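Asks: In case you want the letters, here they are:
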Amino acid sequence: MEKEDNSEQKSRRNFVEQGLKAGLLTVAGGALLAKVFGKSKTTESTETIELMSTDGTLMQVPASAIEHAHEKKYAYNPREGFPNRKFVMVVDLAKCRNAKKCQSSCNKNHYITGENAWIKIYKMQDSEKSAPYWQPTLCQHCDEPACVKVCPVDATFKRRDGIVLIDNERCIGCRFCMAACPYSVRIFNWSDPWQGEAVENAEYTPDYAGVPSKKGTVDKCDFCPHMIDKGELPHCVSACPNDVFSFGDMYEDTVTNGSGQSFKLSKLLKDRAGYRLMESLGTEPSVYYLPPSDRVVDFEEGLENYTEFKSVDKPEGL
Amino acid sequence: MNAAYNQLVKDLAPKKFSWRGNAWVAFLVLIILIGLYSYVQQLRQGLVITDMRDYALWGIYISNFVFFIAVSLVGSLITAILRLSGVHWSTPLTRIAEIIAVAAIIMAGIAIIIDMGRPDRMMFLFVHGRLQSPIVWDVVVISTYLLISLLFLYYPLLPDLSILKKYVPTSKWYSKLSLNWTGSEKQIKIYSKSITVLSVLIIPVAFAIHTVTAWLFETTYRPGWDSTNFGPYFVAGAFVAGTGAVVVVMYVLRKAYALENYITDSHFDKMGKILVMLCLVYLYFNINEYLMPTYKSTEEEAEHLRSLFLGEYAWLFWAAIVGGLVLPVIVLLFPKGRKPLPMLIISFAIVLGAWWKRYLIVIPTLSHPFLPIEGVPESWRHYSPTWMEWSITAATLAGALLIVTLLVRFFPIVPIQETAEERGLTDEHTLNNAL
Numbered sequence: 001m002e003k004e005d006n007s008e009q010k011s012r013r014n015f016v017e018q019g020l021k022a023g024l025l026t027v028a029g030g031a032l033l034a035k036v037f038g039k040s041k042t043t044e045s046t047e048t049i050e051l052m053s054t055d056g057t058l059m060q061v062p063a064s065a066i067e068h069a070h071e072k073k074y075a076y077n078p079r080e081g082f083p084n085r086k087f088v089m090v091v092d093l094a095k096c097r098n099a100k101k102c103q104s105s106c107n108k109n110h111y112i113t114g115e116n117a118w119i120k121i122y123k124m125q126d127s128e129k130s131a132p133y134w135q136p137t138l139c140q141h142c143d144e145p146a147c148v149k150v151c152p153v154d155a156t157f158k159r160r161d162g163i164v165l166i167d168n169e170r171c172i173g174c175r176f177c178m179a180a181c182p183y184s185v186r187i188f189n190w191s192d193p194w195q196g197e198a199v200e201n202a203e204y205t206p207d208y209a210g211v212p213s214k215k216g217t218v219d220k221c222d223f224c225p226h227m228i229d230k231g232e233l234p235h236c237v238s239a240c241p242n243d244v245f246s247f248g249d250m251y252e253d254t255v256t257n258g259s260g261q262s263f264k265l266s267k268l269l270k271d272r273a274g275y276r277l278m279e280s281l282g283t284e285p286s287v288y289y290l291p292p293s294d295r296v297v298d299f300e301e302g303l304e305n306y307t308e309f310k311s312v313d314k315p316e317g318l
Numbered sequence: 319m320n321a322a323y324n325q326l327v328k329d330l331a332p333k334k335f336s337w338r339g340n341a342w343v344a345f346l347v348l349i350i351l352i353g354l355y356s357y358v359q360q361l362r363q364g365l366v367i368t369d370m371r372d373y374a375l376w377g378i379y380i381s382n383f384v385f386f387i388a389v390s391l392v393g394s395l396i397t398a399i400l401r402l403s404g405v406h407w408s409t410p411l412t413r414i415a416e417i418i419a420v421a422a423i424i425m426a427g428i429a430i431i432i433d434m435g436r437p438d439r440m441m442f443l444f445v446h447g448r449l450q451s452p453i454v455w456d457v458v459v460i461s462t463y464l465l466i467s468l469l470f471l472y473y474p475l476l477p478d479l480s481i482l483k484k485y486v487p488t489s490k491w492y493s494k495l496s497l498n499w500t501g502s503e504k505q506i507k508i509y510s511k512s513i514t515v516l517s518v519l520i521i522p523v524a525f526a527i528h529t530v531t532a533w534l535f536e537t538t539y540r541p542g543w544d545s546t547n548f549g550p551y552f553v554a555g556a557f558v559a560g561t562g563a564v565v566v567v568m569y570v571l572r573k574a575y576a577l578e579n580y581i582t583d584s585h586f587d588k589m590g591k592i593l594v595m596l597c598l599v600y601l602y603f604n605i606n607e608y609l610m611p612t613y614k615s616t617e618e619e620a621e622h623l624r625s626l627f628l629g630e631y632a633w634l635f636w637a638a639i640v641g642g643l644v645l646p647v648i649v650l651l652f653p654k655g656r657k658p659l660p661m662l663i664i665s666f667a668i669v670l671g672a673w674w675k676r677y678l679i680v681i682p683t684l685s686h687p688f689l690p691i692e693g694v695p696e697s698w699r700h701y702s703p704t705w706m707e708w709s710i711t712a713a714t715l716a717g718a719l720l721i722v723t724l725l726v727r728f729f730p731i732v733p734i735q736e737t738a739e740e741r742g743l744t745d746e747h748t749l750n751n752a753l
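Sequences listed follow chains A and B, in order. FYI, our numbering numbers position 131 of the first sequence as 131, with every residue one higher than the one before it. FYI, our numbering numbers position 285 of the second sequence as 603, with every residue one higher than the one before it.
Rather than coming from a laboratory, the hints here were simulated on the basis of the structure. Since we're looking at a predicted model, the values are computed, not measured. Where hints are given, some of them may not hold.
What the hints assert, rightly or not - Here are the simulated lysine-lysine pairs, DSBU-like style, with alpha carbons at most 35 Å apart: (1) K614(B) / K123(A); (2) K614(B) / K149(A); (3) K591(B) / K654(B); (4) K129(A) / K101(A); (5) K614(B) / K129(A); (6) K494(B) / K333(B); (7) K483(B) / K588(B); (8) K328(B) / K654(B); (9) K108(A) / K214(A).
Stated by the list, open to error - Computed spacing ranges between beta-carbons, pair by pair: (10) R79(A) / M441(B): 12 to 22 Å; (11) T616(B) / M59(A): 47 to 57 Å; (12) D143(A) / V515(B): 39 to 49 Å; (13) A620(B) / K129(A): 44 to 54 Å; (14) D143(A) / V518(B): 38 to 48 Å; (15) R699(B) / T57(A): 17 to 27 Å.
All C-beta atoms, glycine included, are put in the ideal place defined by N, C-alpha and C.
Looking at chain B on its own, in the form it has when it is part of the complex (with noise of 0.2 Å):
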């Protein structure tokens, strides 16, 4: 018994990196650099740098923001909405979960702060904050997910830290922030009290920030976002992303650190069966958002539509509807489709497909205004990002990953203390500490 549960503690244990880890983080610290490069350049130059001008007024900076927010959905609905509902199957991904939805935020609030022409005066949106704006509304709903979600990956890791200063004795952090977790009873009892507070507290937070996200469009007059849609759209489309993205890092894991006794191809069974659901729901909200407005048809959102049906944006549009939403469906549908590599290869495009249907939503609305455009270059008319600003949104998407490796490399990944109690695997001597 106990040679099998510390086994299951070795397996699970945080450990160095290998060299290939360690080429994952210096590739990962390269393109940060050099986005880090094209930052301090727009902060002496001004956004000129980028291809934004007044009518393309929003660009990837935007999108790439509203893809962190979708992606850090995940965090609440693999572990919160799972964990109520008595799934047990999903243990061994809660971890993973939290880890890219804390990733994911952090990233979306850096990401807006870099699309703004005044960074130097960020402090205003708290001293001169006026509540009637849905900036306003986003900045209060980011920053209470982001303390939401840290507790979220926090608590559940307090048995673990303590199991891992028993393991790694020469680290002092793991006993200091296991905040001295004994596994009595009394903890045991508050602790759990407090993860259910937190799972039932996280699920209309995690509503929030995407609705109020796509508020941010919606309340704005132009067609394309003038949607009464928009928020259960951005919602749906949010799951999607995130648990693309789960299963894609959870292959990743797996494959590096053998975890394949613990992340096992059920669990990507299963992984699959939901998202085959997630993408029919967001496939349901497309059909709402698009097919209404084709077939009234005013002018101007007949303009908006022809440019993503048929016009400049079709390819781009067709490609991420298709091959990010009606393929994986396709694919997910047959057991086979549902095996590791599969699943990994659908969810890299699911995943891409939500990156650029991000783009999709933000950019093409910009080049139909009310009135036409005129006495600006013709340059102006068309957006098409420049170097520094993908190297800077490179460097965000680097940004979450790094949070995400060195989050793995210095705690479990795959909780130990929940894997190891559903197992029936307990450790004598933290038995005898709570007797």
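Bound conformation, chain A alone (with noise of 0.2 Å):
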């Protein structure tokens, strides 16, 4: 690995390294076997690796027993995915105070130069007399997507590893994805998006959304499977200032914020009583809310960043 200059990204690197090492758990097991069919190429060392188990325990293993499932040994095919892998997002209201990073970084980072933000900072009071918060909400990638149910062309589409996608070059444009979408996530390139020269003529992959957009067809949350693929956090995840997103593998059970901590994800769930939006319609999302009790900072303090009618700040000049 390159040396590393900003303690930010070492972090992030660190856990990723840790979530991927976390996962091969199951896989050091085939890498035994492997070595024992003499097919190990690597050299003994006495280096070891600490790993997580499943139910959370530490473990010293020898760095050479390792081998990296993911790394990429068949063509990689946006349509199906990271092989293995079904990421899932924990977002914690405990901890957002309205500071809008993960809007205005996902926003630059998709190049979104429209008037809604693929991902909003709710308002929210459930009612009257219980105390209002503030709920970041993006596309949800659900298991049981409403809008891929209804695509007439495939164009929006299920991975294998629990991303939800749009192709944005299958796109026909008839909006039904977006009236199924109960999330209100999804939005649509009403006229041409300008996004400047550079991002038009990127090569496009429906793995990184918005690079580029296209007039006439829907846009959502893509979950960021181009910094996965990094082995980095989402854009949203890494910006915020206050470690309300985690991100992570849902059969490595392990999630990881901004900060690096990771977290076991049953446990997180168990303990805080993490709950999904409008579990009611069967849509079987993939992103978990804890709910917005033992608050670690003040609704109030959000106010002053509330923009009722913007969520999208133009780049001057436009």
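Both chains are sitting in their own frames, so use the hints and assemble them into the complex.
Replies: This is the structure in structure tokens:
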């Protein structure tokens, strides 16, 4: 690995490495087998690596026994996704104070030029007497996605790794998916997006939504496969100053926040009574929310940032 | 006998337009040209020229599409259902109904293409079509219905075309289109069998087009669309809209072509009675659609219903329900209300009410999503169509009327052969040929 020059980046890299390795435990058996059959090319070394098992215990494993399961050994297909992975996000509502860094980072990195952001922080209040809270809301990457069900041309699709994407070279712009989505997370390119030459000429892959966007097609949060591919966290997760978001792999049962802290997913959801939005609809989202109880931030603090009619800051001159 | 027959052919054969007819066509073409201009702008700039945005993601293009689908259903009612039930008085109206059905279903197809963000990718619906999407079901049933409707318009025309071949010897088209119809026993046998088969076929397909169109909305979770009542509710409403359209057209044609001997007051009277029944059935479905959710008043439904009953759509809603359904029923219960002129006015109100009813089905629901509308310009919370949207929509309506007008110009509006048969008139030539 190259020299790290930035501690934030370093911690992110660490997360990815830890995460990958944790996931490898399941593969380790296979790696050992491979060793038995003499296929391992690496020489024995005394270096060990700390891994966390699925039940949360830490153990030392010789580095040579580890093989990176997620290395590209095959042609990667954006419609299939990363094999043996199931991405999941946890949003801790107790920590959100509407700093909106997730939104501005997402807008910037996906070159959003329209007037509707892909991630929005709603001012919520479930009932009159209960406390208000901020709810960051992005595509829920449902396991039973209503949008995918109704798409007539397979333009929006569900991958094996849980991510729901849009192929904007396939989309016919009927907007049925937008009508079907109960979370209002899909946005339409009503006009030419005018994202600048560099973005517009970029080679398109559904893996990186918005690069480029196309007039007359639908866009939305893509869970940042282009970042996962680089071993990094989605933009919103790393941009959040309050560690509201954690991102990880359901199979590894681990999620990691922007500061690089990892949590055991099942324990986190159990301890904090995690829930999903509109569970009763049966959409099976991949985004979990932790209720805004025992808040570490003031709701009122977020009010100064609150812009009811705006979610995208237009660059100068537009 | 022969003189009476010749008079009949003369009365019913298509006629050249008077100046009024020409002016009417010019007017329709003008409307279409304005709409075309707007559509070119839409192709260039995108759907941004409409007032649709991420929340009001469908607008009058879609409600207009639903309206056309609704109107097209009348072909199956007047021609197939009445034919199969052995009703004969409707014979002079069958062609009008079929012409309206064909015009409406063609424009429904065009209306849905107009709404597409990427009409250039339309072929993807066939190349990449996925069967679980209601849009693909719609593509299948609409094209099937169009095909059956065209056949249903064409088959009964065969004997008439062969009559016109003799009546207008200068035109080669009638002769070609009549497919060598001689009226021989063998031909008549195939002919009547085909029409019976088509009559049976068209009914399930007609029900399917409108049920599937209802499902486009019903397959979502949104309050106002999430209703098990939607299929029959749409079908019932469609019969009302289409029958209203037939009455308007039959009034105008009767006046323009002096067809009082063929389209009589009694036809208006009977259509009036049918309309009463259809309106009552539709009202019944409306009660089901609105009363039960109101009774429960879950949070989301209540917000939606409040906007319809008392809120920003209240005027439109009550005008469509009272003016387009309740009042017509009351007026049509009286024999005087079923005279041609009152029938015209009422039917016009019904058609207008039906158009706005589709608007009320499509648009209000979209302004009540599950999560709050935040982070978008305030104007996105309300939808009011732009003039370009209106001009494109007006062009589709003008397009439908133009199709009707042109078909009326070149084909007999009232079936000649069938009317002659019913009146016991025959052409000696035809008789000789058949022998």
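Asks: Range hint 12 to 22 Å: satisfied by the CB atoms of R79(A) and M441(B)?
Replies: With Cβ atoms ~20 Å apart, the hint holds.
Asks: Between the alpha carbons of K328(B) and K654(B), is the straight-line distance 35 Å or under?
Replies: Roughly 32 Å separates the two Cα atoms, so the pair holds.
Asks: Given the hinted pair K614(B) and K123(A), is their Cα-Cα distance within 35 Å?
Replies: holds, 27 Å
Asks: Is K108(A) close enough to K214(A), meaning Cα to Cα at most 35 Å?
Replies: Answer holds: K108(A) to K214(A) is near 17 Å, not above 35 Å.
Asks: Please verify whether K483(B) and K588(B) have alpha carbons no more than 35 Å apart.
Replies: holds, 33 Å
Asks: Is the hinted pair K591(B) and K654(B) satisfied, with a Cα-Cα distance of at most 35 Å?
Replies: holds, 12 Å
Asks: When you take the CB atoms of T616(B) and M59(A), is the distance between them in 47 to 57 Å?
Replies: The hint (47 to 57 Å, Cβ to Cβ) holds, given that T616(B) and M59(A) are roughly 52 Å apart.
Asks: Just to be sure I understand the hint, the distance between the Cβ atoms of D143(A) and V518(B) should be within 38 to 48 Å; is that true here?
Replies: Given a distance of about 44 Å, which is inside 38 to 48 Å, the answer is holds.
Asks: Are R699(B) and T57(A) spaced within 17 to 27 Å by their CB atoms?
Replies: violated, 53 Å
Asks: Hinted pair, alpha-carbon criterion (35 Å max): K129(A), K101(A). Please report holds or violated.
Replies: holds, 29 Å
Asks: Mind checking the alpha carbons of K614(B) and K149(A) for me, to see if they're no more than 35 Å apart?
Replies: Satisfied, since the Cα-Cα distance of roughly 29 Å is no more than 35 Å.
Asks: Would you check the hint for K494(B) and K333(B), treating anything up to 35 Å between C-alpha atoms as holding?
Replies: holds, 19 Å
This entry does not satisfy hints 13 and 15, going by the numbered hints stated previously.
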